[in-house]
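Starting from the given sequences, assemble the full structure and let the hints guide the process.
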Amino acid sequence: VQLQASGGGLVQAGGSLRLSCAASGNIFRLLAVGWYRQAPGKQRELVALITSIASTSYADSVKGRFTASRDNDKNTVFLQMNSLKPEDTGVYYCNMGVNWRKPGDYWGQGTLVTVSS
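Mapping of the sequence shown onto our numbering: residues 8 to 124, in sequence order.
Hints were generated in silico from the structure; no laboratory data involved. Relax, there's no trap hidden among the hints.
Using 30 Å as the maximum straight-line C-alpha spacing, the simulated DSS-like pairs for lysine-lysine come out as follows:
1) K109 x K92
2) K49 x K70
3) K109 x K70
4) K109 x K81
5) K70 x K81
6) K49 x K92
7) K109 x K49
8) K92 x K70
Pairwise CB distance ranges, derived in the manner of DEER restraints:
9) D67 x G22: 19 to 25 Å
10) N106 x G21: 28 to 34 Å
11) S64 x Q9: 22 to 28 Å
Glycine included, C-beta positions come from ideal geometry on N, C-alpha and C.
Encoded structure:
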C-alpha cells in the first residue's frame, strides 16, 4: 500500500487549501484515514480522522475549520482547510489504519502547508 499526499502550499492567514491523499491497493475503503500535522519543532499530531464509513472527528484546534472527506471509488481522502491560521503551518501526512490512540501502518510522504500572517 502506498499513500501520496498533495495540495500543500503557501497561503495567507484566513485562506484555504485542499489536501489530497491518494492510496493504492484494495484495502483503502476498509480503513480509517487520518491527517497528521507536524509543526516545526513539535511532535506529529492527529488533526482529522475519517472512518471507512465516512464518519469524521477532529482535534479541537481545527474543529469547525477543517473537513475531511473521502472518495472510495478514487481511493482518495481529502482535507479541506478553511480559515487557516499561522499555527496551522506544518507538514501534513496522511495515515491509513489510524485511530485516535495510535497511527496505522501506512504513511504518505507529507505535504508542506505554510500559512503566513
